[in-house]
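Enquirer: The chain contents come next:
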Amino acid sequence: MTLPDPRDADAAHEAALVARARQGESEAFEALYRSTAGRVFALCLRMSGDRERARELAHDVFVRAWEKLPGFRGEAAFSTWLHRLAVNVVLERQRGERRRQAHEEAGLEEDDETPAMRRVVRIDEGDRLDLEAAIARLPTNARTVFVLHEVQGYRHDEIAQAMAIAEGTVRAHLHRARRLLMEFLSR
Amino acid sequence: MSMHLEWDRLNDCVDGRLSAADEADVREHLAECRDCRSAVDALRALGAGTRALPPAIEPPPGLWQDVAATIAAGGARTGKPLSSRPPDSPPVVPVRPGPSRRWLAAAAVVLMALSSGITALVLRRDGVAPVPVVATGIPTVRTPVAAGGTAPVVPASFAATEAAYLDNLAELHAAFVAQRHALAPTTIAVVERSLLTIDAAIAEARAALVADPANQALAELLSTSYRQKVELLRRAAESSET
Amino acid sequence: MTHMMRAGATALALVACALPVTASAQQKVNQRHAVAPDFSFRVKGSVGALRLTGWAKDSLAVTGALPAGVRMEVMIGGDGKSPARGAKMFIESPNDAVASGGSIEIRVPTRARVWIKAGTAVVEARDLEGGLDISVIGGSVTVVASPRELQVEAMDAGVTIDGTPAWLRAKTATGDVTVRGGSTDLALTTVSGTLRLEQGTVERARLESVTGDIHFMATPARGGDVTIDSHSGAIELALPRRGDFSLVAASITGAVRNRYDGTRVSPGREGRGAELAIEHGDSPRVSARSFKGTITVSVLGARP
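Protein chains in written order, with the working numbering: chain A, 1 to 187; chain B, 188 to 429; chain C, 430 to 733.
A few of these clues could be false.
[As the list claims (entries may be wrong)] The calculated lysine to aspartate or glutamate pairs, modelled on EDC-like cross-linking and capped at a C-alpha distance of 16 angstroms, are:
id, chain 1, residue 1, chain 2, residue 2
1, A, LYS68, A, GLU25
2, C, LYS546, B, GLU425
3, C, LYS546, A, GLU52
4, C, LYS721, B, GLU407
5, C, LYS510, C, ASP525
6, C, LYS473, C, GLU502
7, C, LYS473, B, GLU425
8, C, LYS473, A, GLU25
9, C, LYS473, C, ASP556
10, C, LYS546, C, GLU502
11, C, LYS473, C, ASP525
12, C, LYS486, C, ASP556
13, C, LYS546, C, GLU534
To be clear, the hints were calculated from the coordinates, so they are not data collected in a lab.
The following block holds chain A by itself, in its conformation from the complex:
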């Protein structure tokens, strides 16, 4: 006798929740939130490098998911769909901030809440960084590409499309990210 695969039961349960959430049932959406929030937050945190920003981003992801759920037809697993949506939210926000930064650098407006990362200042010599902290220290584009490729499993061409950059640039960012990480982790 073949035992039922627990993953099938999970998938069926998730599909049922999605169906109810699409009808506007907030309890079902909350259940979906509970089962996915950790992964979404991990993605937002690793891509942004900042806990406060990650919280804002995760919030936006779930609000956007609620808005777009009626359009989700179940072609992919809900978690896959949600993760793609999360990546889009983070990348959109980064693009928006780059535009705002350009304004700031032109002297049009100062905003002390700008969270975008640039270079990092070293901490004390004796401190060893763990990998999470090292990833968070990466410059924005290098970090984004590294997380999408190494953590989320995106291909170079998928990252290029998502970030609207050339594949060669994706490759350059990825290689740079790895070099920097090795430097951070070897200290």
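Assemble chains B and C onto chain A, guided by the hints.
Expert: Same frame as chain A, now just chains B and C:
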């Protein structure tokens, strides 16, 4: 080859992005070059370490409540995006966690509609006309009137001011209720004790203003008490973000 | 917060504070960074004691010890080549009990602008001239400094300020507020705490309570405006023997006592309560009002 491999080639090797010919060249070099082998091993270890990172990280407390409040502020889903922007356009204003003034208005309406024990109207009941209490869920001083008498109203000159305060307080109290779970019990106790104190003061001053509608000093003192309540609820809602 | 000037930090980067959890269950903190003289620093989190000191160096130093289980992150802005304009620090504890075991000392340039948001904490700040914004729930706040702008918000924490901040806002629910020193623009607000304003000169001052008592023992500046309101809290108002002022004190249903001079206290509207008006010139203006609290006017510095 006597020189070491370039960093980009090492990475391409690890990522399997070399052509067959290049890969053969690289393998040949790695067989003879310990340093480059170490570099490849280190790259592979970095990849393995990254893949071994926990897939999930616990979000900060209160995130679901913020999401729920935002969704509630958007009203029932109609199958259309909540905004009129194109679906894939970037957000015009980044939504911040925690209640902001713009969301609170709608969130408060939804929460007030759902919550029991909240009155925001001056009602007439058996000769006792309660003063407007705003969503404290706490009994307040009631102003007795003679049976058959009219419910006490503040002077027209103050009515608009009071209405504005009451609207504001409804929003803020809803935010406080939504954030209660994130507050320590001692904090909740301090806030509720203070709300009781302020509500009693409002009730007394209001009753006096009703009896002496031309008393400008009374109107200003009542306004001060309302303002105190607004301030207290705002700070209570914000303190949950610590 | 709205009164604080915007900081110049335009970029932040994560500087991980690696805190190995040792068997001794305390994590040492020791971070130093070069920062600009008008550096902006936001501190948010759960820690039992936080001491902030301004110093003459253009650097940020964070030292102290945190219990195991507490997580700290420091984020520094800038490109790494020039001193940072801004930074943020977060301290996360699983609960207040764990947090209470932590103690952090922060040194910033004297002209820095600092925001602190904590739960229950003993917060001390000294020697700062820039801006300071402290928000706590419980514990205590002590400021010995004269920053250009100072805002303190607390629930039941007591607040003590020794200095002359040009702009000062202090708000509590039940905590007492004591200010020793003057200010140009000051507002002290409480529900049931006691407000004390001692010494110094004030130009614009507003003191408000619901049931808490209010003690005003400072000198209103020429051209100034002082407003003191309570619902039932007693108001003790001590004014200089010499100098000009225009005083109106009124209690709607309570009493007014004149220990300043011989001016008669008269009944209030419709015979209820009491009123007192003392005119020594038309400026500064001082107004003290209460719904049912007792208002006492006396000479500043005179023995009771």
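Enquirer: Could you run down the list of hints and mark each one as holding or not?
Expert: Now the hints, each set against the structure:
1. A:LYS68 - A:GLU25: holds, 14 angstroms
2. C:LYS546 - B:GLU425: Holds, at roughly 10 angstroms.
3. C:LYS546 - A:GLU52: holds, 14 angstroms
4. C:LYS721 - B:GLU407: holds, 14 angstroms
5. C:LYS510 - C:ASP525: violated, 38 angstroms
6. C:LYS473 - C:GLU502: holds, 10 angstroms
7. C:LYS473 - B:GLU425: holds, 13 angstroms
8. C:LYS473 - A:GLU25: violated, 36 angstroms
9. C:LYS473 - C:ASP556: Cα-Cα ~21 angstroms, so violated.
10. C:LYS546 - C:GLU502: holds, 15 angstroms
11. C:LYS473 - C:ASP525: Holds: C:LYS473 and C:ASP525 sit about 14 angstroms apart, inside 16 angstroms.
12. C:LYS486 - C:ASP556: With Cα atoms ~13 angstroms apart, C:LYS486 and C:ASP556 stay inside 16 angstroms; holds.
13. C:LYS546 - C:GLU534: holds, 15 angstroms
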